[in-house]
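Protein sequence lines correspond, in order, to chains A and B. Using the working numbering, the letters of the first sequence map in sequence onto residues 1 to 190. Using the working numbering, the letters of the second sequence map in sequence onto residues 1001 to 1190.
Calculated from the structure, these hints are not laboratory results. Keep in mind that the hints are not guaranteed to be accurate.
[To be verified] Label-pair ranges, simulated between beta-carbon atoms:
| id | chain 1 | residue 1 | chain 2 | residue 2 | range |
| --- | --- | --- | --- | --- | --- |
| 1 | A | His53 | B | Val1094 | 42 to 50 Å |
| 2 | B | Arg1121 | A | Lys157 | 48 to 56 Å |
| 3 | B | Pro1169 | A | Glu112 | 43 to 51 Å |
| 4 | B | Arg1186 | A | Glu189 | 39 to 47 Å |
| 5 | A | Gly2 | B | Arg1061 | 30 to 38 Å |
| 6 | B | Arg1061 | A | Asp150 | 37 to 45 Å |
| 7 | A | Ala95 | B | Val1090 | 35 to 43 Å |
| 8 | B | Asp1176 | A | Glu112 | 48 to 56 Å |
| 9 | A | His53 | B | Asp1091 | 41 to 49 Å |
[Stated by the list, open to error] With the C-beta cut set under 7 Å, the calculated list includes, among others, these residues of chain B facing chain A:
| id | residue |
| --- | --- |
| 10 | Leu1011 |
| 11 | Asp1025 |
| 12 | Gln1042 |
| 13 | Pro1043 |
| 14 | His1053 |
| 15 | Glu1127 |
| 16 | His1131 |
| 17 | Ile1138 |
| 18 | Pro1153 |
| 19 | Lys1157 |
| 20 | Phe1182 |
[What the hints assert, rightly or not] Computed footprint of chain A on chain B, listed as stretches where at least three residues anywhere in the stretch have a Cβ under 8 Å from a Cβ of chain A:
| id | region |
| --- | --- |
| 21 | 1013-1020 |
| 22 | 1027-1040 |
| 23 | 1064-1077 |
| 24 | 1115-1122 |
| 25 | 1139-1149 |
| 26 | 1167-1181 |
None of these values were measured; they are calculated from a predicted model. Using N, Cα and C, we set each Cβ at its ideal position, and we do this for glycine too.
2 protein chains.
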Amino acid sequence: MGKTKIGATTLIYPMPTTLVGADVDGKPNFLAIAWCGVANSQPPMVSVAIQGHRYSLKGIRENMTFSVNVPSVDQVKEADFCGIRSGADVDKVVACGFTVFYGQVEAAPLIEQCPVNLECRVVQMLELGSHWLIVGRIEETHVSDECLTDGRPDVDKVRPFLFVTQPRPRYQAFGDTIARAFNVGREIEA
Amino acid sequence: MGKTKIGATTLIYPMPTTLVGADVDGKPNFLAIAWCGVANSQPPMVSVAIQGHRYSLKGIRENMTFSVNVPSVDQVKEADFCGIRSGADVDKVVACGFTVFYGQVEAAPLIEQCPVNLECRVVQMLELGSHWLIVGRIEETHVSDECLTDGRPDVDKVRPFLFVTQPRPRYQAFGDTIARAFNVGREIEA
């Protein structure tokens, strides 16, 4: 089995597709962000990487707050739209028919139709080159009632999707469960 | 449609499952990390969140280098093992039967059996609380030859998997393609 070097590239599978929200000049805007990860557990934090020229970044800087919304497969078209159009040119809330609500964090707009919504306050901003890496402390999580089972979020009801860049940019549904985590590895003797 | 507040929690779907590699005291070790994301494109960078007490963190601090390996569904057992056991207690390379190789970045061990391997140099380390968020510049990417199509990485051959925490920790395969990215959103008129 050989290996081929393809140069320095950001080839991580999979990435989530999230809609990052910010109020810009007092109006809610949403940007599709796949470069989003968890950064810390105690306290809960998330990181998002945003290009320096993005319209939403202006709002995040102004307010030092933002939201992360996890869309379901029912919102794939709207999520893609929020990735290819700029809030400087179009009102994405109107175009996508989003119902916006707010929680406890000011200027962190949340999308009713997305099953999971995180309210965040900026704790760090790193200028890395093409992108700013923004670390936010998660202040509250909202989950659509129909996506809960026994009061807990249920991925089979959330029905999120994933983003893949190679060989061609596409969105994929989640597939079959292949193993229990923190469990299947016990089969290895050591 | 109502919403329920479930408190501040790191609920992002999906997370990748990666094996982060580091030489610790001159020996390769691998840690399963789901909290891994892309941080920058120019130059390419990745972020990984690692708990402060982790054995691998010692090696990353020593050398200021690390690797990110993307396992396939064939390595789910080994990946899980690397998440539930510590390199302080067990030689994970031996236990998992990994074939280790090195590229151009010293002390960044790569796993032959994983279809995608990134070599990284640390550019930032943020102490956020329970975790350190480590940003690494990607210096080279290796892809297993049998996972290339026309010289490009092909996700259908890589066969990565994803990590889900809610409602119960599990690994899932990738499912069907539901839409082309940077394309399906054009159906929305604005």
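These are the hints, each one checked on the structure:
1. His53/A to Val1094/B: 42 to 50 Å: This hint holds: roughly 49 Å between Cβ atoms.
2. Arg1121/B to Lys157/A: 48 to 56 Å: Roughly 41 Å apart at Cβ, these two residues miss the hinted range, so it is violated.
3. Pro1169/B to Glu112/A: 43 to 51 Å: Since the Cβ atoms of proline 1169/B and glutamate 112/A sit about 28 Å apart, the hinted range of 43 to 51 Å is violated.
4. Arg1186/B to Glu189/A: 39 to 47 Å: The hint (39 to 47 Å, Cβ to Cβ) is violated, given that arginine 1186/B and glutamate 189/A are roughly 53 Å apart.
5. Gly2/A to Arg1061/B: 30 to 38 Å: 33 Å, holds
6. Arg1061/B to Asp150/A: 37 to 45 Å: 42 Å Cβ-Cβ, so the 37 to 45 Å window holds.
7. Ala95/A to Val1090/B: 35 to 43 Å: 54 Å, violated
8. Asp1176/B to Glu112/A: 48 to 56 Å: At roughly 27 Å between Cβ atoms, glutamate 112/A and aspartate 1176/B fall outside 48 to 56 Å, so the hint is violated.
9. His53/A to Asp1091/B: 41 to 49 Å: 48 Å, holds
10. Leu1011: 5 Å, holds
11. Asp1025: For aspartate 1025/B, the interface hint is violated, since the closest Cβ of chain A sits about 19 Å away, which is over 7 Å.
12. Gln1042: 4 Å, holds
13. Pro1043: Holds. Min distance 6 Å.
14. His1053: 13 Å, violated
15. Glu1127: Check failed: Cβ of glutamate 1127/B comes no nearer than 9 Å to chain A, outside 7 Å.
16. His1131: 5 Å, holds
17. Ile1138: 5 Å, holds
18. Pro1153: 4 Å, holds
19. Lys1157: 9 Å, violated
20. Phe1182: Since chain A brings a Cβ to about 5 Å from phenylalanine 1182/B, closer than 7 Å, the hint holds.
21. 1013-1020: n = 5 at 8 Å, threshold three: holds.
22. 1027-1040: With 7 residues closer than 8 Å to chain A, the region 1027-1040 of chain B meets the three-residue bar; holds.
23. 1064-1077: holds (count 5)
24. 1115-1122: Contact hint for the region 1115-1122 of chain B vs chain A: holds, 3 residues under 8 Å.
25. 1139-1149: It holds: at least three residues are needed, and the region 1139-1149 of chain B offers 10 whose Cβ sits within less than 8 Å of chain A.
26. 1167-1181: holds (count 15)
Checked against the numbered hints above, the structure violates hints 2, 3, 4, 7, 8, 11, 14, 15, 19; every other hint is satisfied.
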